[in-house]
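Q: Now for the letters of each chain:
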Amino acid sequence: MRGVAGYVWADSPLHRASAAAKLAGLVACVALVVLATTPLELAVAAGGVAALVALSRVGWRAAARAAWGLRWFLLMVLALNALLFSDVDPIFSLGPAHLTCEGLAQGVRIVVRTLLVIVLGTLLTATTRPQELVEGVRRLLRPLGRIGLPTEAAALAVGVTVQFVPTLLRESRQLMRAQEIRCGNVATLGIMRRAVSYIRLLVPIFVSAVRRADELSVAMEARGYRLSSPRASADGKERKLRP
Amino acid sequence: MSQVKRIVIAAVCAALCIVLPMAFHSIPNAGATWLPMHIPVMISGLVAGPVAGAVTGVLGPVLSSLLTGMPAAPMVAPMTCELLTYGLVAGLLAKFVRTGNVTVDLYVSLVGAMLAGRVVNGVLRALIFSPGAYSLEAWVAASFVTSLVGIVLQLAVVVPIVVSLERAGLVPPRYPEKDA
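These protein sequence lines are chains A and B, in that order. Under the numbering used here, think of the first position of the first sequence as 1, with each following residue one higher. Under the numbering used here, think of the first position of the second sequence as 1, with each following residue one higher.
These aren't lab readings, by the way, just hints derived from the structure by calculation. Be a bit skeptical, because a hint or two may be false.
What the hints assert, rightly or not - Here are the in silico distance ranges between beta carbons for each label pair:
| hint | chain 1 | residue 1 | chain 2 | residue 2 | range |
| --- | --- | --- | --- | --- | --- |
| 1 | B | L127 | A | R177 | 45 to 53 angstroms |
| 2 | B | P173 | A | P13 | 26 to 34 angstroms |
| 3 | A | P143 | B | L155 | 36 to 44 angstroms |
| 4 | A | A178 | B | V102 | 24 to 32 angstroms |
| 5 | A | L55 | B | R167 | 46 to 54 angstroms |
| 6 | B | P74 | A | R173 | 29 to 37 angstroms |
| 7 | B | L155 | A | L80 | 26 to 34 angstroms |
| 8 | B | L127 | A | G59 | 43 to 51 angstroms |
| 9 | A | A54 | B | E137 | 17 to 25 angstroms |
| 10 | A | P13 | B | V108 | 53 to 61 angstroms |
| 11 | B | F144 | A | D87 | 39 to 47 angstroms |
| 12 | A | L55 | B | I128 | 50 to 58 angstroms |
Claimed, not checked - Facing chain A, a subset of chain B residues (Cβ under 8 angstroms, in silico):
| hint | residue |
| --- | --- |
| 13 | V4 |
| 14 | I9 |
| 15 | V19 |
| 16 | V55 |
| 17 | L66 |
| 18 | T68 |
| 19 | A72 |
| 20 | M75 |
| 21 | V140 |
| 22 | P160 |
| 23 | A168 |
| 24 | L170 |
| 25 | V171 |
What the hints assert, rightly or not - Negatives, chain B to chain A, calculated, CB over 12 angstroms:
| hint | residue |
| --- | --- |
| 26 | A10 |
| 27 | A14 |
| 28 | L92 |
| 29 | F96 |
| 30 | N101 |
| 31 | G112 |
| 32 | V119 |
| 33 | R125 |
| 34 | A126 |
| 35 | S143 |
| 36 | F144 |
Glycine included, C-beta positions come from ideal geometry on N, C-alpha and C.
I would like the entire structure built from these sequences, with the hints used as guidance.
A: Structure follows, in structure tokens:
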């Protein structure tokens, strides 16, 4: 199980850009990738994402880490589309499965789109510190606060979620390694036994995650954090913590 | 439980909505069969209330799609509505169902949420997301046949996890007077 990249230290235009701009850019880029259908449009989108990776200076390995973790899933998506998408003019047929050029093209389209979205998401977390991300979400949601929506809670929730993903991935890996030491390599087991081995890990994963949530909320409240009060922002403009 | 802790638990469960499917994706078609994203949403609703459950239900699929590409973009809206319903209804039922027995309370809330989420998902797909192309058979197949393993998994693990969290003292007990 490989994960979403955490923050990668580097000095690049993407690292220096504001989190709000990066978030808005991510949403726009994802929309463009989803709308790309022809090979030319997908190639242009892939070129754009490659340029962003180069610009970010996080390294190709770090940018591709999350996508590599989903390689088997993406291969399966490609195979299912290639075999089941169409039955017109098949290259070969086996029972209900027909390998067609149209199906293959559809599979490649979906896999390329998914890969590009994954890399874009990885770039956001690799070039933005969690605190900056919270501030970015808060800034983007600020207009909604005027109509009474709890933007502070939403920004906190997004920030904590993004911050916890690498932590929980690391803890899950540690629990899986501990299980491998006790029971052998999970990857060599059959599908059902592999699934059962993951299920056994659910209780310790949840207990560990909620324990971390408990510790974090206690620490935040001990330092005077209240959802209703203004607080220090990443740029230091607001520094009014409740005494 | 304070408001900050509710939000933090909702966020941590949303992070688990991203992490758990990554583990299960090494198993073919695991997303539709094992429903790993549903479990943190139900647990968030049951332990932290309806708002936290709804927040987890929204953040989980949206952030997972943005950060990992899964679920694929066209699936995000229907899945978000479904998961939001799971979290919201699980939290509401956990709040109002009081039989005096923790396990019964939690199972009633869990099953109620599972049914409500599937009904909302079917109605939204039939009326908004796939109008004219979604049949009752497709809904039954997707909601109860393909995901049968996931349903059994949820029934088997969600309540024991919530009870474990109560016993570990990480969430307030439902019936503190009994524990005293």
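Q: Confirm or reject each hint.
A: Cross-check of the supplied hints:
1. L127/B to R177/A: 45 to 53 angstroms: 47 angstroms Cβ-Cβ, so the 45 to 53 angstroms window holds.
2. P173/B to P13/A: 26 to 34 angstroms: Once the Cβ atoms are compared, 52 angstroms apart, the range 26 to 34 angstroms for P13/A and P173/B is violated.
3. P143/A to L155/B: 36 to 44 angstroms: Between P143/A and L155/B, where Cβ atoms are some 43 angstroms apart, the hint holds.
4. A178/A to V102/B: 24 to 32 angstroms: holds, 30 angstroms
5. L55/A to R167/B: 46 to 54 angstroms: holds, 50 angstroms
6. P74/B to R173/A: 29 to 37 angstroms: holds, 31 angstroms
7. L155/B to L80/A: 26 to 34 angstroms: holds, 28 angstroms
8. L127/B to G59/A: 43 to 51 angstroms: Roughly 46 angstroms apart at Cβ, these two residues keep to the hinted range, so it holds.
9. A54/A to E137/B: 17 to 25 angstroms: This hint is violated: roughly 49 angstroms between Cβ atoms.
10. P13/A to V108/B: 53 to 61 angstroms: With Cβ atoms ~54 angstroms apart, the hint holds.
11. F144/B to D87/A: 39 to 47 angstroms: With a Cβ separation near 28 angstroms, F144/B and D87/A fall outside 39 to 47 angstroms, so the hint is violated.
12. L55/A to I128/B: 50 to 58 angstroms: For L55/A and I128/B the Cβ distance comes to about 39 angstroms; the hint is violated.
13. V4: holds, 5 angstroms
14. I9: Hint on I9/B: holds, closest Cβ of chain A at ~5 angstroms, below 8 angstroms.
15. V19: holds, 5 angstroms
16. V55: Status holds, d = 6 angstroms.
17. L66: With a minimum Cβ separation of about 5 angstroms from chain A (threshold 8 angstroms), the hint on L66/B holds.
18. T68: holds, 6 angstroms
19. A72: holds, 6 angstroms
20. M75: violated, 11 angstroms
21. V140: Violated - the Cβ of V140/B stays beyond 8 angstroms from chain A, reaching only about 21 angstroms at its closest.
22. P160: With Cβ-Cβ at 7 angstroms, under 8 angstroms, it holds.
23. A168: holds, 6 angstroms
24. L170: Status holds, d = 5 angstroms.
25. V171: holds, 7 angstroms
26. A10: Given a closest Cβ separation of 6 angstroms, the condition is violated.
27. A14: violated, 4 angstroms
28. L92: Check passes; 18 angstroms lies beyond 12 angstroms.
29. F96: Its Cβ never comes within 12 angstroms of chain A, the nearest being 23 angstroms, so this holds.
30. N101: Correct as stated: the minimum Cβ-Cβ distance to chain A is 21 angstroms, above 12 angstroms.
31. G112: holds, 21 angstroms
32. V119: It holds; V119/B is separated from chain A by about 26 angstroms at its closest Cβ, greater than 12 angstroms.
33. R125: holds, 19 angstroms
34. A126: holds, 23 angstroms
35. S143: holds, 20 angstroms
36. F144: holds, 19 angstroms
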